[in-house]
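Visitor: So the sequence lines, in the order shown, correspond to chains X and U. Counting the first sequence from 1 gives a position; our numbering is that position plus 5. Counting the second sequence from 1 gives a position; our numbering is that position plus 1401.
Quick caveat, the hints were computed from the structure, so don't treat them as lab data. No experiment lies behind these values; they were computed from the predicted model shown. Note that beta-carbon positions come from the ideal geometry of N, C-alpha and C, so glycine has one too. Heads up, some of the hints might be wrong.
To be verified - A partial selection of chain X residues facing chain U, derived with a Cβ cut-off under 7 angstroms:
1. 38
2. 77
3. 318
4. 403
5. 517
What the hints assert, rightly or not - The calculated DSSO-like cross-link candidates involving lysine-lysine, where the alpha carbons are at most 30 angstroms apart (straight line), are:
6. 231(X) x 165(X)
7. 519(X) x 165(X)
8. 1516(U) x 165(X)
9. 1516(U) x 519(X)
Said to hold, decoys possible - To be clear about the criterion: a stretch of chain U counts as covered by chain X if any three or more of its residues have a C-beta under 8 angstroms from a C-beta of chain X, and this derived list gives those stretches:
10. 1456-1464
11. 1569-1577
Residue strings, one per chain:
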Amino acid sequence: MKTISQNKSQEQGSATIMYMVMMVVVISLIAAAVSYLSGTVRMEHRRSDMLNAQECAEGGAAIGCNDLNTAFTATSGTLASNLATAGYVLNTTLSTAQTNVYQRTITISTSPPSQTVATSQPVLAQISLPTSSSATSSTIVATATVNKVTQTSTANLTMKWGFPAAIISTNAGTNETGTSKSDAQAGNVAIAGSSSGTVIVDSDGGQGKAILANGSANWDTATVTKTQVSAGNYGTANQIPDYTAQGTSNALFDFNRFIAAADATPNSLSASGTNHFTNLATFMQANAAAAATPAGALEGIIVVDVTATSSSGKTGDVGIDVLANPENYVGTSYMPATNPQIHGITVRGTLFFNFGPAYGPLDKIFNRTPMNINPANLSGLNPADPTTYPSGYPPTYYDPTKNPVNINITSQGYTNFAPGEDLPALMYSIGTVDMHSSVNISGVVYTPSYMEEENMATGEGFKIPNQLQYIKGSVIVGLGYFLSNQKVATTIVSYDPNTLNSLATKGGAGKNLKVAYWQ
Amino acid sequence: MKFSGHCTNPAGRRRFAQRSAFTLLEVIVASACGALVLGSFMVFLLFARVSLSGIAAQAMVSDTAGRTVEFMQSRIRLADYISVDSTGNTLTLAFDDNPAVDSDIPPDGNPYNDKDHYEVFQFNGTNGTNSATAAGNSLTYKPNRALPGTIVLVSAGVRNLPGNNIFANPSTSTSTVLIRFGIVDTNTRDRFQSIDIQAMGVALNINP
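So that you can see chain X by itself, here it is in the shape it has in the complex (with noise of 0.2 angstroms):
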């Protein structure tokens, strides 16, 4: 059998067809694995951009707490200064009145373990910080971008109190293990209780210490959980910087920022016209004079002078009498009308005694005189119980001219009182005020000097039965601290935060930097 081929050129064409077609197949193929190849690849590499930029930006604003952390916590400069000098620039774009942007450009380098060369990510950080003088609060947002993808991470920050304790001792001390009032004048704490009285240092549920001290603590007889307790970090890690130094930028607080807001508070009832006294006798009257007003009590912040030495003489100045005795002024003008042995000395805010020249950190007055200082409602408290512990913080004015926030101090060259700041209950300077008589205080009691607190109950001044020595906040020495109850009363040191969280202290002394939340 024979075939004949009709049409060579057309088998050609054939073969040429079918070649094609599965060119066309093959090619297609290819292309359509090429294509889901390449579009998984953009996408993959999309996506570890995305989780570089991620990284990146974490780590810029990681960066930048620490960044900040440094320059809040640096015991030299102020906060602008020290962050300009870890390279920020002022932002005066996103700047508003009441935030300032700082902005540094952070280079990251990134070396993943697949690669043996470090390359390099830059990161904006910007740093958004109140304007005013006790910021409580700062946000961080760093921004990267990797090839087209940006990412952003924002940290915000809170600045709060970093010694958290019902009693902060800051002085170096000793190594005593007594509990007299010579171990506490040595600089250390000393708690000196009794089977006929009550004591407590309470660290408020564990929300801080009962006692932070650089010298050493003792207690007798006192509720002191041990495991609360945080002693001899002198030349530790954990040393409490000497916020006690008066003169140095670790101060606590600037005292003449103080003095001047009580200089521009007005007092009707005030020799001077301000809530500035120049000595004890007329701000025991101006006292005595405000029990019988609607206020009920002196407000602001109240500034009193105690330079003599002597209650009697040409020099002397009869309020140390006044208070050393209050029971002997009961029905003149030094003393409330009604019910001195309550009212005694009542204030809303903050008083201050600031002692002259003549007194060193052991030379004290006597105080017999009831202290309330932003008094809590104490008709609740168990002592047992220390979920009924009150507070009078923060005060209310019955008077808002007397308020420290609406005091203005510009002029004078310091920086305004602001809303949330905490400001101190009760300071003195160098000196003592030894407390004998009942207190009831919320607030932070401080001083860079020694501290007497001693009930006395009925032994001295108005003789109270089951005198009640209360502080709702935090005591801050520099020089030693001594808690004695030798008698049938109570006596409770109770730690508070919100007392002292936004502590109005020079140049944000004490307060460290906690990252709040992430966003």
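For chain X, the structure is supplied; the task is to place chain U on it using the hints.
Guide: Using the frame of chain X, we list chain U on its own:
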């Protein structure tokens, strides 16, 4: 096989006609060769398809597993509360929608740790490592527990890793979650492509 050229000479055309036909043997051999080529090509296509399918499936499950874990980590990172149920199949996260407002009842004084809305990652199906039963297992995400709407993260093939739950809270930490799961491609023709993945999610907004 030889293809001759075209002849215009009549005598030559006769010779050409005699010589231009294929023998049966030639046709059979040609057909066999063609069938062999076509068969080889079909086999190539078949194996290429399986291979491409396997590669694509592997790429897909790897990509899905990676994206899913990264997404979970990104949500865990910003959560202020983490809860894993007793079966280890449900991960619940809480978020503060307004850090300026303390919406706790009663207020706890901290405005940025509230639980304003909950998000849920949920394993659905039968726990186990068996690839055959994994076909009906999925992993879903609910952006707001209180509202309708669920997003499917992995539509099928989710399975446990041997001896582990999908989600677990390390006993030493309240701010970390261990995530362990596998995804198996249940198409038997591309030889069960699968991936096992383990990762840890860390919540930056939960204070230890």
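Visitor: Next, verify each hint and record whether it holds.
Guide: For each hint, the structure was consulted:
no., hint, result
1, 38, "6 angstroms, holds"
2, 77, "20 angstroms, violated"
3, 318, "52 angstroms, violated"
4, 403, "26 angstroms, violated"
5, 517, "15 angstroms, violated"
6, 231(X) x 165(X), "25 angstroms, holds"
7, 519(X) x 165(X), "8 angstroms, holds"
8, 1516(U) x 165(X), "24 angstroms, holds"
9, 1516(U) x 519(X), "21 angstroms, holds"
10, 1456-1464, "holds (count 3)"
11, 1569-1577, "violated (count 0)"
In terms of the numbered hints stated before, the structure departs from hints 2, 3, 4, 5 and 11, listed from lowest to highest.
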